[in-house]
Every structure is written in structure tokens, then in C-alpha cells.
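Here the protein sequences come in this chain order: B and R. Residues 1 to 437, numbered by the numbering used here, are exactly what the first sequence covers, in order. Residues 1 to 378, numbered by the numbering used here, are exactly what the second sequence covers, in order.
No lab work stands behind these hints: they were computed from the structure. There could be a bad hint or two in this list.
Claimed, not checked - Here are the simulated SDA-like pairs of lysine to any residue, each with C-alpha atoms no more than 20 Å apart in a straight line:
1. K211(B) / N226(B)
2. K298(B) / H251(R)
3. K337(B) / S6(R)
4. K337(B) / F11(R)
5. K337(B) / E376(R)
6. K425(B) / P151(B)
7. K363(B) / Q380(B)
8. K363(B) / S379(B)
Unchecked claim - Using C-beta positions, here's what the derived DEER-type ranges look like:
9. G383(B) / Q274(R): 31 to 37 Å
10. R304(R) / V384(B): 53 to 59 Å
11. G58(B) / A306(R): 29 to 35 Å
Computed from a prediction, not measured in an experiment: that's the story for all the values here. Beta carbons: idealized from backbone N, C-alpha and C, even for Gly.
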Amino acid sequence: MANTPTASRMPSDIPAQPTPEMEDVDAFRERARAWLAARMKPLPPGEWEIPNRDTDEGVQHARDLMAKLFDAGFSGICFPKEYGGQGLSVAHMRAWSEEAQRYEMPTKFNIPTLTILLPTLLDYGTEAQKQEHIPKTLRGEEMWVQFLSEPTGGSDLAGALTKATRDGDVYVLSGSKIWSSGAYRADYALCLCRTNWDVQKHRGLSVLLVKIHQPGIQVEQIRQINGSMEFCQEFFDDVPIPADQLVGEEDDGWTVVSRLLQHERSAVGNGSAFGVIMQLGARRTRGETTDPLVDITKQLGLGADPTTRQLVAEGRVLSLVQPALVDRVGTGIRAGKLPGPSSALMKLANATTGIARAELAVKIAGSAAAAWVEPGPASQQAGVFLSRQTAALAGGSNEIQRNIISERVLGMPREFAPDKDAAFKDVKRNTIPTRKP
Amino acid sequence: MELQLSEDQEFFRDTTRKFLDAEAPLTKVRALEASDDGFERDWWRRGAELGWTSMLVPEDLGGGSLSGAGLLDLVLVAEEMGRLVAPGPLVPVSVVASAIAAGGNAEQQKAVLPGLLAGATFAAWALDEGRGPWSGAGVTLTAEQRGSDFILNGTKSTVEAGNVADHFLVTVRTGAGLTNLLVPAGAPGLTVVPMKSLDLVRRFSRVDFSDVTVPSSASVGEIGGAGGEVDRLLQTAVVLQCHETNGAVDHVFAMTTEYAGDRYSFGRPLSSYQALKHRFADLKLWLEGSHGIATHAARAVQQRAANAAELSSAAKSYVGENSTDIIQDCIQLHGGIGVTWEHDLHLFLRRATVNRVTYGTPADHRERIATLLSLEEG
Ligand SMILES: Cc1cc2nc3c(=O)[nH]c(=O)nc-3n(C[C@H](O)[C@H](O)[C@H](O)COP(=O)(O)OP(=O)(O)OC[C@H]3O[C@@H](n4cnc5c(N)ncnc54)[C@H](O)[C@@H]3O)c2cc1C
């Protein structure tokens, strides 16, 4: 393979297998199993998330669960001990996840807080920032979001227009971020902003650690196709951000964000070991859950129909292939046999699998996706179908993932970019925002 | 390529690769097209010396694996063979050796295994009958019990390596149920009819049985109780086949990305066009998915895990269809040269196509998955 492995180890590159000083995985598993059985509430049969995961009560419940895990020494399995984590390996995380997935778990913290923002902070935050935020987050006291996309562009992140101007001990922040999921009830954000307009676009960016709820920041919720109110837009009105809240170097924010995006791709592709549990993707094999495609088939009594049987099995195959791909690519990256940007494969697999399965659901459901008296699996999946493109946009679109795979995994030539060498102030850019507030 | 290997496994894979590069290059594969056997017997014997035939047979029977998980070692050979669309009856010999090691009586083991392990004799598995879904359920060939003998009448089809086999493992229906019988190639009434194949070096046969008589001690395992073993053997075949296909697609994909970087049109390399780059990204995605699911299936079959049936059928269905899609698209990306006989692409397409539709089609395997999902229950 003509790929170059990831260069140097980062703090968030955790070992796949236990190192000698770690607790034995089987002993750890036994300890976890006993504690879970004694202290945690099992999920109702057929459920894989705490009830009302996305409501305010659900989020509060998740925060409480985080605190409980933290007090028992099971929060942040793969985060370093000095920041309140357990300092263990991916193998421990896998064992923990196998044991814990039948219990109420604060999975709301997985994306983006634990799997994207905290690992980025681990890699590029100052010692003070890490000490201040990682333990609190592992206790459920802080929830995080990412302020990356702007009304004038999301794919071309390095074209960010949100401005941070240094003024003594502070950066003065102005501009707007958008599509930040769940920002209205989160606590902190990593915010990409422009600190230098006189250099090439990637060279004038910085990342700031921003407290969301403070004077000068207005947060507006946006309704999605499926009715969800998670999307937010933020408006920054000359907000002073203390200069020590800089993450990474000034004007070197692109390095930080590139790493963040790498964490995001593996998180969205279910390849991250930093969550409260890992998505293992093999649940039905233990006979414990059903597949929505199976549910629709049973709801409509189509189990003997040969065409339906083919469609359901096709969907089932895709949902077995996706975790297998994640497993393979994750292993390859950790072993240095695949380049880091290969995580784009995980993300693309996640999105394309979701799209294909949503399509299959509508094919199987037929008119039951259009109208119903009582809601059921078919109507539920019809809703999923309407929002099926979200996973192909969130965290970098499928097209961007394909650019990454072809250019940075396969080594093909980069796209022509007229803004590559010019000072950013001279570059032609979007002036029309995608949305009127 | 497998990404998580022990040092022993890496060494074994490299040895196999070097041997194949030197002794079975594509020019050789083309040259073997006209041969009867499709491979050279001495070459196979030397492959056996490298360990190709011993991985699924335990040490006390003369075999032995590297990792203690023989199928996970053997898939490395399958993948390397796929990379060069190598000749040789890896799947049938492995499957029959595994069946006899697992369920054969001591006499069968003594009579058959040493020859197979040494690469001196050959075996074929006669399961398919030309119409069915390559499963126990598709078997209609009957063996009638008369005294202590079985009398076989009927026809088996697409029997890989039937042309060279010294022994046939024949899956039949008896009064008691599905049974695997070990039948010598020279049995009176057994006729091997060579079939033409899409693959240049893989040989299939039709095997006709006309009052072929074997003693009931020819049963490998319990008479009437072979259903579970037939499933396991099919899973083993499918896992090997998927790895072989993946090796072939790896090679084609690497060849095509390189070509797209070297070939210019309108003053730019082909690989600079986003429309093509995005297609390459998708091909890469499907290829990595194919590797991932084949590995998961291999592990499950090796461990005889509860989900081995589902994972191997998922692998077969996914790899089967995606492999030929990927190779056909690589042909398209090559332009006119891609559809010529002289270019090697078709050698890989032939192998992948044959692998796609033997040991069950992707649709057959989806039907198996649908059954496992119990769709008809309320
Ligand atoms: C559910 C959801 C959650 C999200 N959460 C967050 C969040 O928490 N924080 C955050 O900052 N953002 C978030 N986003 C925003 C997301 O990252 C952007 O929507 C995405 O990056 C696309 O940017 P855009 O919407 O501006 O579209 P554009 O960049 O305007 O793209 C429009 C279309 O053009 C294509 N395109 C653009 N450039 C290229 C190119 N070079 N080559 C080929 N095709 C191209 C895109 O793929 C897309 O199809 C979220 C989005 C969704 C849907």
C-alpha cells in the first residue's frame, strides 16, 4: 500500500491493547459487570438509548449518569488519569461497551463532546485548559459543541469569516456560526475564527475555547425537516474572549481543526473509543434487538414475500458491513497501516449505509410510509427517510469525504483552488448567507 | 490485505506471495488455459510444502496452523492467490480436508489426509446440482440404502476440481437425511464430465452417478446428520472465496489508480478529474467494506460462532456483487484497452464473476439471511 502512516503520536492516540501497567482486561470486565449490575438501570427490552435522549430532561439525566460513572471510576475509560479519566486501552473500552450497552448510558455525551471536542482539547489544549475542562466534562458538568460552519460556508471551512481581533488580553469575537447542534443547552464550544486576513486562508485561522452562554452571544434554534430543534445559529456581537482561551497557536487553527475533523470522522463512523460506550454494531447477533426493516416487514405481514426478503437482507448486509469496515479501518489507522485521513471512509460508510437503508425502508413500506392511523415502524422510518441526507452533510459532506479519500488516502491530485496562494482579504468569497435569520 | 497479523502470519503471507510471484505470474496463468488440469501438479505439491493444505487439519492428523486458528491463516493464502488469480484447487481441497478431519473415521483420515496434505492427491466437494441454491436444501441426489451399502443415482454440477479429484465428498439425501459420502473417483458408475469455465484455469465438472455403490462406512460423520456440517463447509468455502476475490480486486484497484495517475487527457491526469476521483473513493469504500466483512466472517466461522452463518452470507452477498461492480468500473476507467484480451483485467473479472455465482449467488445468500431473521414470525 502506497500510504504514509500517521506521522507522530498524539495524546489522543491511545493504545489498542493493554500495556503492562494496566489492569487486565478480563479483570476489568468482571469489575465493570458487577458494578453495572449493582448500580445501573438496565434499558427496557428492545431499547438502546435512555428514554427522551434528546429532550431537556433526557440531557439532564445524561449529565447525572456521567457523574455516577465518574464517581465509580468508569467515566473516560480511554482518557488519561491526570485529567480524571481511567487511562485504559481500546480493548478495555470494547469490553466496557459490551458490558454497558444493556444499561442506561449517557450516550448524548458521545458526539460531539467526548469523541470530538475533548480529544481535540487533549491534543492541542493548554495544560490549564485540560485541567479545567476535562475532569468537569467527564463528570457531566460540561457539554460541548463545535462552532465551525458559517452561513457563508461549511464545506470550505478554511474560508471562515468569523473574526477574532486581538485587543490586549482578549480576542474580540464577531460574526456568526450555524448548524451547531444542541448549542442552546451546551456549555462550551471550540470556535474557528479568523485572526489574520493578510495571509493565505489556512494560515490566518485560530481556535478559541468559548463559553456559550454569556453576554454578546445570541443563540437561535432552527427547525429541521423532522421537527428537531437541535440546529442552532449563533451571533457574536464583539464578545471579549480571554486570550488564554486560545487552543493551539494563533493563526495555526487549521492544524487544530484538521485534527478535530479527523476525530469527528472516526466518531461519526463509530470508530471512536472516547465515548461513554463504543458503538459495537453487533447487537442483533445476541438476539436482543430488531432491525427497523424487519419491524416494517412484520408490521405489514410481508415476511413471505420474496422481494421483501431480498430487500430486508440487503439492508441487514449493509448494517453488518458498516461496523466491519469501521473495525478494519480503525485497526489499520491505529496500526499505522492506513493514513489518518482514512477515517473519511468510516464517515462515508456511515452516511451511505444510512441512505441505502432509508431507501430500503421506503421500498419495503410502500404506501404505509405515506399515511397511517397509528404510528409504527413504517411511519417512523418514513421520517428517517425525509432526513436521510443529514448524515451525508453533518461533519463534512459525502463529497468532501470523497475528496479526502481520493486526495489524501489514494494520493490523487488536489482540486484546483484559485484561493490557494492569495492573501485571504483578496479572495473571492461568499457574501450571500445560506439563511436569513 | 489483512491489516492485523502476527509476525508468523506476515512471514507466511510473504513466503506465499514470493512463491506465487515467481511461480505463478499472470503469464503462467494465461499459458495454463490450454492445459487439462488448469495447474501443474508439482507446483501444487510445493505450495503444500508451504502449508497451503494443512491449515484446516489439526496437528495430530498431520496438519497444523500458525495461529491455532487455521482459517485465519488460510485466508491469507486465498487472498494472495486472488491477487494473481492463481490456479490450484485451494477451496475444494481445504473444504474436504476440513470435513474429513472434523467428521471422518480413522480409516478415512488415514486413507485420504496424508495425500491431500502432501499435495499429492486431490479432492472435490460435490454439492451443487446446477439449479439450486448451493445448500443442503437444494440437494436432490439420493443415496438409497441397500443392506450395508448406499447406491447413488443422480447428477452433481459445478464440481470444482472434479477433473483431478481422487476423492469426492458427495452431499446426498438418504432416508435418514442429509449425508456426506466419501466416494473414490474410480468407483464404477461415476463419470466426470469436464465443463467449460469462464475462468481460464479454474476447472469445474459435472459428475454423473449411475448406481454408484459405496459401503455405509463411507459416510463422513453421522448418516443423515450432515446438515450442520454442510452449512459449516459452505461457510468455509465462502470465506475463502471472498478473501480470494478481495485479493483480486485489491490488485485491480491498485492497477487502476496507478493508471489513472499516469494517463493524461485534456492536459491533465485522469486522476485529477473530480468525477473520477469520487468514483475511485466509492470503489475504495466498497473494497474496504469487502475486506472488513470478509474478516468478520472468517473470525466467526473459525470460532463456529452463532453468527457465522449470517456473517458469511453477508460477506458473500456483499463481496460477490461489489467485486464485479468494482472491476467493471476499473475496466471503464481504463478505456478501450480495458476490454481487450491482451490486458490482464479480464483475468480478474473472470475469477470474480465465477466466485460471485458459485457456492451460492448473492441473492441465495440474502435469502439465507432473510431466513435467519425469522421474518415470518409475528
Ligand atoms: C445534522 C447536522 C449537524 C451539524 N452539526 C454541526 C455542528 O455541530 N457544528 C458545525 O459547525 N456544523 C455542523 N453542521 C454543518 C455541516 O458541517 C455543513 O452543513 C456541511 O459541512 C456542509 O456545509 P454547507 O451546509 O455550508 O454546504 P456547502 O458547503 O455550501 O455545500 C453545498 C453542496 O456542495 C457540495 N460541495 C461543496 N464544496 C465541494 C467541493 N469542493 N467538491 C465537491 N462538492 C462540494 C457539498 O458537498 C454540498 O453537497 C451540521 C450539519 C448537519 C446536517
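Problem - Unsatisfied constraints (hint numbers, rising) - result: When the structure is compared with the hints, numbers 1, 2, 5 and 10 turn out to be violated.
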